[in-house]
Amino acid sequence: MPSFRRLSLWLGLALSTGAPERLFAQEPARISFETYSLPNGLTVILAPDRSSQVVAVDVWYHVGSRDEVRGRTGFAHLFEHMMFQGSANVKKAEHFQLVEQAGGASNGSTAEDRTNYFQALPSNRLNLGLWLEADRMRSLAVTDSTFANQREAVKEERRLRVDNQPYAGAIFEGMYALADSASCFPYAHSVIGSMDDLNAAKTGDVKAFFDLYYAPNNATLTVVGDFESAEAKRLIEQYFGSIPRGKEPPPVSCESRFNSGAIRRPWPDPKANLAGVLLAYRVPEYRHADFPVIDLLLTILGQGESSRMNKSVVRDQKLAQFAVVISNPFAPRRGPGVLLAFGITNQGVSPDSLEAGLAREFARVISEGVTEAELNKAKNGYRTQLITQQQQALAKAEALQAAALFLGDPEAVNTNWKRYLAVTVADIKRVATTYFRPENSLVLLITPGGAK
Amino acid sequence: MSTVRTVRTGVRGWFVAAGLLLPAVAASQDYPKTPPPPAPLTPAKFPPFYETVLPNGLRLLVVESHKQPIVSLSLNFAAESIKDPAGKDGLAEMVAGLLTKGAGTRSAEQVSEAIESAGGSLTAGAGPDFLSISSTVLTPSLSLAFELIGDAAIRPAFPERELELLRTQTLSALQVSLTQPEVIADRAFRNALYGAHPYARSMTPASVRSLTRADIQAFQRMRLRPSGALLVVAGDVKPVEVRRLALRAFGNWQGVPPASPAAPTSPARTKTELILVHRPGSVQSNILVGNLSFLPTDPRSYAATVTNQVLGGGASSRLFMILREQKSWTYGAYARYARRKGIGYFEASTEVRTEVTDSALKELLHQLERIRSETVDSVELEKAKGSLTGRFPLTIESADQVAGAVANARLYGLAPDYVQTYRVRLGAVTAAQVQATAQATIRPQSAAIVVVGDGAKIYEQIKDVAPITIVDPEGKPLTPLDLSPKVAALELDMSAIVARRDSFAIRLNGAPVGWQRGVVEPTAEGYRYTEDLRLGGFVEQTTVLEFDRTGAMRSVKQTGKQQGQDVSIDVSYAGGRAKGSAKTPDPATGQLKAVTIDTALAPGTLDDNALQALLPALRWRADATWTFNVLSAGQGELKPWTLKVTGTEPVKLGEQSVEAFRAELSGGPAPLVLWVSTGAPHRLLKLSIAGQPVEFVRVP
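Protein chains in written order, with the working numbering: chain A, 1 to 452; chain B, 1001 to 1700.
It is possible that some hints are incorrect.
[To be verified] Partial list, derived from the structure: chain B residues whose beta carbon lies under 7 Å from chain A:
1. 1038
2. 1039
3. 1044
4. 1117
5. 1509
6. 1510
7. 1693
8. 1695
Source of the hints: derived by calculation from the structure; they are not laboratory data. The beta-carbon is built from N, C-alpha and C at its ideal position, and this holds for glycine as well.
My request is simple: use the sequences and hints to build the entire structure.
Next up, the structure:
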């Protein structure tokens, strides 16, 4: 970067009183942990932290919608429901009750790349959390009736979350429509799946799915909080040690393509009562060197009151009630991801004008870049987010799991921020030029009501 | 996944494969077939905190934690939204929304720039009892957080521009929330419980529009004063430094908020009352049952917490286990005691499929009776207490959780040792206390019951449960006759149907997106109505309707394209039947759907495109309501539609203002509002889709 530019930026910084300085003087506190594997292939991460009486038990199965095949979409998520339907020694719905009676909380969720099951417990109930996870890993009960029941629950959930919600259809479309279904089916269909595929699912499919993907060698168990490592290891060996290793799941293939031509479509939405715009761009996988750059740029563009979208599109031009930018809404991905800009218009504004307003902000980054002050702001925001998530055991467990799966090493939980710290304004401009071009985008113009 | 991993913990840098190296430790122990029992847990003491009062009366609470370099702050006022003057509901919330939108020397944008540049956040909000300004920052920005909170509380600018922006956003959000059944239910329920007490009120579009900058300034000047306010700071701080920063930010600020006038008392209910809120088309019924309870300081609150855990506090409580797990009526069923500084309330709630509304309501009432009449057995009691006390460590995991617990105790005026003794007091609750508390504070024989659902389907089911009042979602009274309107053929004055041409411009958010033209001409058999519709690039279609001299349908033919797909309708009406076929997009999927029609019809059944042709022939009155059968050929559906005149108002057409009947049309795919000139010939002037920015406006 030419030095005169740096100088003028520096002067600009010095003159404006509100200019952010870098706050990275001190590193975020380290998360100390150890990791090992059982002979059956279960990976274990233990991070004791005796500062509170809480323990988090968090299991990630390395399976998600990316592992689904054509005709069986929605399966990973349907399976997550089955995991609460009982096992050899736990009755249907008893999982929630046992955890609740212990004073804890538990749940699960499904994304493209992983399915997670987690509980936060008072630390004297570590044994309960581990046992509940072990029991369903070794002996999930799959019967025709529980399966039929949960399939209906999932269809109800699809109606509730997608079909009956304004704008949700467009956002789901934006999350997957940029992947090419022929060369990258794993990321070209939604986690929630199609109604037809859900209807076609059979009990036998569920059993086969369990055997292939819910084996210890396809899972990572993370325990964070108030426990003795030796005691945790003893319980883990006792509960999980005798679960047999499974087959290696088949590899997932996806060929990602960038800049393959602009897509622009109308999207009538009967549930919406105001027009909206979804602008989506293809971005690379989470561990790619460009991802931290993309993450910081999306903060500059579309996170917070002082973001460019809010200042320009919402407040100055009054095109939208709100406009935000996010990436991969469910979880990071090991394959091609998406960055989504989304806004709902103000009354009297056409979706075309909002589309132009959103696209202009991306174009402006390509032509003019961002300022050092904006970049520092985004880095400071990232750091606060990082530190906030380390205040609770369950959030730390999730961070360790994410580092292990998406960056290939749990130790990345302590080093990933350095990738962010190293980002420069030149990186931002280069990355914007690489990915945020019209020929790499999808635009959905959302209009209220179906065509009459 | 890989097998053994490299371990690089903070202090150790060597390889560990403990699971592999030490399997013998536990291999001898078998896998247990029942849930393992709890290990002993040393009861944790409530974490320490520091409290003081500054000379100006501002109370200060500090919780120290140096685990992470982060601090959260909040400044809390007893600036209750319940003190909003009548008709100004929403004032406290608007004040809170504006405190951070320009204050001290900073504009709204400079405030957000300053806090976000430091990686922090700054928000303000108001509830029924308190108004709070909150911030989270990294430790190096602590003084910035003090400065911004100080500016917001003491020196807010309330710029007109920001007031208008927030008003617009609030009205939009309100418009959306007033269509949601849970919001409708909560508003109706509080209204029934609290009567004349301000806790009964909620913000309305009218109250939001009436708020002025002067109202907002007056509220801030009167209510946001230091004496009695509570500043809470939690995280990576030293009390001594917090005190210094607090004195610098707030030390020169003086004032005592005026005493509140006594709130009017709420109705003393002697018998149960059922309020049915009619929401046509609801597929679920939202049920709330409850009564007023007690003050936050009431000593029965510990027993009430245990009672509630047995009855409906969670997924192992009675209501959930019975209504969801046993009966499969609902996704969830819960109970709670809502805490209010004035007087709180007890509430049991569930949302169920329409068909089981009565069964679910009766079961709910039965469970409320049961917890009063039966003593809870010791197993159930211990489970409930175990869950409540076991949860305790999770509620004090981070410094801001600790601070929140103490702050709540202080704001509600609870005992000084409330947070430290809470678990012990819960643990001491007996089955007799649970029953006595249930008898005193859960009163199904004198409760308010609110059911929000489709009255046409549930009125008969529930009308005998308790004396019933029917209202619409805005609270206007209805009669049982309003629930299922009587369907009849329209009474038409056919002399009003003469050759005519109506043209409309279609606007989306005010921008032209298409047009519609309707032409009426006499034929040998009666009348023909030809309607052309063009909507952007999406819709291009022509509909031809034939009527006889009495206005009865003879045929409908539609041709054209919707979103590039060919659509067609061809239906004949004769001998009390409709026959034909249609191919139009399914509104849910957008895919073309072919429908064959062969159905018997009641006399006077109209095609769904026919009303516009016949509008001038209706007998228009300011209180008219018509309900008539409509055949939607495209969907193959036969349904009653209702056109109800709600009043008269002027409509602007270009420069001209024309007096019009305003009428709401329901029963179709979306509710419509029509404006029809009051003077004959009655012409459609304007049409809008309710709640959506789409309008058809007559072109003169």
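Quick rundown of the hints versus the structure:
1. For residue 1038(B), the interface hint holds, the least distance from its beta-carbon to any beta-carbon of chain A being 5 Å, beneath 7 Å.
2. Annotation: interface hint on residue 1039(B) holds; nearest CB of chain A at approximately 4 Å, less than 7 Å.
3. Residue-level restraint check for residue 1044(B) holds (minimum Cβ-Cβ distance to chain A is 5 Å; threshold 7 Å).
4. Hint status for residue 1117(B): holds, given a least beta-carbon distance of 3 Å to chain A, under 7 Å.
5. With 7 Å as the threshold, the beta carbon of residue 1509(B) comes within range of chain A, its nearest partner Cβ sitting at about 5 Å, so the hint holds.
6. With a cut of 7 Å, the hint placing residue 1510(B) at the interface with chain A holds, because the nearest CB-to-CB distance is about 4 Å.
7. The interface hint given for residue 1693(B) is met, as the beta carbon of that residue sits about 5 Å from the closest beta carbon of chain A, less than 7 Å.
8. For residue 1695(B), the interface hint is violated, since its Cβ never comes within 7 Å of a Cβ in chain A; the closest pair sits about 11 Å apart.
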